[in-house]
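The whole structure should be built from the sequences, with the hints applied where relevant.
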Amino acid sequence: MGATGIAEIGTWRTRIVVWLLHRFFLVSRGMTMGVRAACFNAQGEIFLVRHTYVPGWYLPGGGMEHRETALEALIKELREEGNLVMTEKPDLVNVYYNRRASKRDHVLFYRVNVEQTAPRLPDREIAESGFFALDALPEDVTDATLRRLRELSGEAERGDFW
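In this text, residue positions in the sequence shown follow full-length UniProt numbering: the first is 1, and each later residue adds one.
Take these hints with a grain of salt, some might be off.
Stated by the list, open to error - Simulated restraints on C-beta separations:
| no. | residue 1 | residue 2 | range |
| --- | --- | --- | --- |
| 1 | 157 | 45 | 21 to 29 Å |
| 2 | 12 | 153 | 48 to 56 Å |
| 3 | 42 | 62 | 19 to 27 Å |
| 4 | 143 | 33 | 16 to 24 Å |
What the hints contain is simulated information worked out from the structure, not anything from laboratory work.
Glycine is no exception: its CB is placed at the ideal position from the N, C-alpha and C atoms.
In structure tokens:
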């Protein structure tokens, strides 16, 4: 395995073809993708957020921007929604089709250990947030959040739909 492979998009001709194909894919099968994470502190508590614009408690996360990798999006969302930093590499748990959000949305779901650098103060996006023991979750946790926690604990099989 010591040999070096060829560049996937190396020549100008390949770049043009790929550019045209991606314009076609945007119309024919474009999709959106987001990241969410089950974030655990050293005490084994899970971090949840309550947004100002939708009801319920959620796992932190959000949509990936153009030219942003999944890891970059995850780091950004954890910082923005909770002042969280990962203490080790995240584990990709599953990829879900989020048909309730749209016909083209997918979510990359991670499990990650984190530390909070400072308390997350409320603002116009996040009403409140915090770490919770798994046996003392707040009321109004979303169904999807509970399903993900059951999957992580082994109480439920991993599904395909968010």
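Going down the list of hints, with the structure as the test:
no.	hint	in the structure
1	157 to 45: 21 to 29 Å	25 Å, holds
2	12 to 153: 48 to 56 Å	51 Å, holds
3	42 to 62: 19 to 27 Å	25 Å, holds
4	143 to 33: 16 to 24 Å	21 Å, holds
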